[in-house]
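Trainee: Residue numbers (my numbering), protein chains in the order written: chain H, 4 to 333; chain L, -3 to 160.
There could be a bad hint or two in this list.
[To be verified] Pair by pair, the computed Cβ-Cβ distance ranges are:
hint	chain 1	residue 1	chain 2	residue 2	range
1	L	His31	H	Gly42	22 to 32 Å
2	L	His31	H	Lys278	40 to 50 Å
3	L	His31	H	Asp271	27 to 37 Å
4	H	Asp273	L	His31	44 to 54 Å
[What the hints assert, rightly or not] Sample of chain H residues at the chain L side, in silico, Cβ under 10 Å:
hint	residue
5	Tyr53
6	Phe288
7	Leu313
These are calculated hints, taken from the structure and not from any lab test. The beta-carbon is built from N, C-alpha and C at its ideal position, and this holds for glycine as well.
Okay, here's what each chain looks like letter by letter:
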Amino acid sequence: MFSEWALKNGGTLFPIIFNANLIANKSLLNPSLSISEDGTGTFVFRSTNYRYLRPVGNLSSLTSTGSIQYLSSQTGAISNSFFLAHYDFPSNNLKTSMTIEIDRIQTPLLPFLSEFDYSTLEDLRISRLDAKVILLGNIATTEGKRRPFYCEIDSIDRDQDQFRLLKQQSLEISNMNMIEKNWLPIEGRYGEFIRWPMSLKMSGDRLAQVISIFQPELQTEIFIEQPNIYGGSQFARYEDGYISVIHFRKNGIRKNNHQYLHQFFFYDKDLNFIKNSKPFSFLGFDTEFCSGISIYKDKIYVSFSCNDSLNFVLSFNRTESLWGSTHDSK
Amino acid sequence: MIPNSHSFPSDQVFHEAMIENSVDGIYELAQTYFHVNDYGASIALCTFCLSKIDNAQRFEMHRPLILLSANLYRSGLSRRVYLRPLAISLIRNREIRILVKLRSFQDTVKHLSILEMVVIVSLISRIVLLESWGIFPKSKDVIYQRVCKLIYGFCTAVSRCINS
Chain H
4 MFSEWALKNG
14 GTLFPIIFNA
24 NLIANKSLLN
34 PSLSISEDGT
44 GTFVFRSTNY
54 RYLRPVGNLS
64 SLTSTGSIQY
74 LSSQTGAISN
84 SFFLAHYDFP
94 SNNLKTSMTI
104 EIDRIQTPLL
114 PFLSEFDYST
124 LEDLRISRLD
134 AKVILLGNIA
144 TTEGKRRPFY
154 CEIDSIDRDQ
164 DQFRLLKQQS
174 LEISNMNMIE
184 KNWLPIEGRY
194 GEFIRWPMSL
204 KMSGDRLAQV
214 ISIFQPELQT
224 EIFIEQPNIY
234 GGSQFARYED
244 GYISVIHFRK
254 NGIRKNNHQY
264 LHQFFFYDKD
274 LNFIKNSKPF
284 SFLGFDTEFC
294 SGISIYKDKI
304 YVSFSCNDSL
314 NFVLSFNRTE
324 SLWGSTHDSK
Chain L
-3 MIPNSHSFPS
7 DQVFHEAMIE
17 NSVDGIYELA
27 QTYFHVNDYG
37 ASIALCTFCL
47 SKIDNAQRFE
57 MHRPLILLSA
67 NLYRSGLSRR
77 VYLRPLAISL
87 IRNREIRILV
97 KLRSFQDTVK
107 HLSILEMVVI
117 VSLISRIVLL
127 ESWGIFPKSK
137 DVIYQRVCKL
147 IYGFCTAVSR
157 CINS
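The shape of chain H in the complex, shown without the other chains:
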């Protein structure tokens, strides 16, 4: 497991525990973390109306693939919003100093919702652009289509205990697969997003320019080896380029029983793929979703959830051995 390797490399593994008032009638999962240079850590969590119950490990091959238990009176439809939390890393007293839940229905900043039959927001990734916090995800419609969702948040106002929304908008795309849900922001780069296996550039409220992020010869090699790459963390600045976590699914014994495996990818400043780590599992759960990576001082922080239930932050030292290490994927 990768967590074991991380702990041996100066790492820590923190479960995130919410108090009862916050967690009532909802699940918080898929944390995406970004840490500013002054140590301000900001999370965005997916807030859902269901609880996912699933066997794990060597039991999963013998039992059902799990079930969904709805936590509110509304059943049969998954409903998401998103939830922001702020942690102060330098103090090492890792308590939430403030939280805010953005009400997507009440806000007047979403006029586009009237354009089609709105369903729900899906997994947001967080990033930073100067002093602003950037969120990028997608809106799924009841028609089964998805549109990218982009949000800018002003610097955190600690006195008022709140974030200030600057902009929310959906992005129009053309000639693109409309079901892709993994949209990834790039730290410090305005209007450029990754949507596997391509990056896009935003012009106004449109995504216009499509470029490949991979050098052609490497692109072929990677996608033959792992054809199911479809998501992961945002892109964070690292060394003289960027680092991200990608995931792909490894088929299990039973039908619809997959295991999520992950890899660190490193890119140069022009987003050319350079190198990757070995595939790994964080803790051995079948369903692990990593949607956050951030660099703070000499450590790498990744945030992930297991079985849509357990949220963790894993940190470890920056080390070149990350790329050559072999992590047991079981």
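Assemble chain L onto chain H, guided by the hints.
Mentor: Leaving out everything else, chain L in the frame of chain H:
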């Protein structure tokens, strides 16, 4: 530990429990989630812990998990999900005894050893497992309801014993 706020537990036991498959550490963390009503997380940890235990001789390690499972059940969670993997872990290499004749759970549980608790849960959940595999005949719905009542009675009794 019951956090008053959203927190990262700083106790080293949490850091290492997940890595070293420490049943005590994972159980403590599962209990913490239980106290803040985060039952999904608590269940995930219970099943994660059980999936790591292969040694049938370590029954005593299951005790806190059985008790926690009983509490989880009492909290209205899906009976089909958490108890089944629990039992699958427990019944491996075990001879299943016929203990379904229990009539008064409340009185019986008080006198059960941990091993007997394990066997009961094993038996009950084995039936559920057989049901899930489709081995039960057409009457499986009736049997399933009966099994569910059995599980409920057992878990209720265990829970009362915990609270008494």
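Trainee: Evaluate each hint against the coordinates.
Mentor: Hint check:
1. His31/L to Gly42/H: 22 to 32 Å: holds (30 Å)
2. His31/L to Lys278/H: 40 to 50 Å: holds (44 Å)
3. His31/L to Asp271/H: 27 to 37 Å: violated (48 Å)
4. Asp273/H to His31/L: 44 to 54 Å: holds (50 Å)
5. Tyr53: holds (9 Å)
6. Phe288: Nearest chain L Cβ about 7 Å off; hint holds.
7. Leu313: Constraint on Leu313/H satisfied, holds at 5 Å.
Hint 3 alone, counting from the list given before, is not met by this structure.
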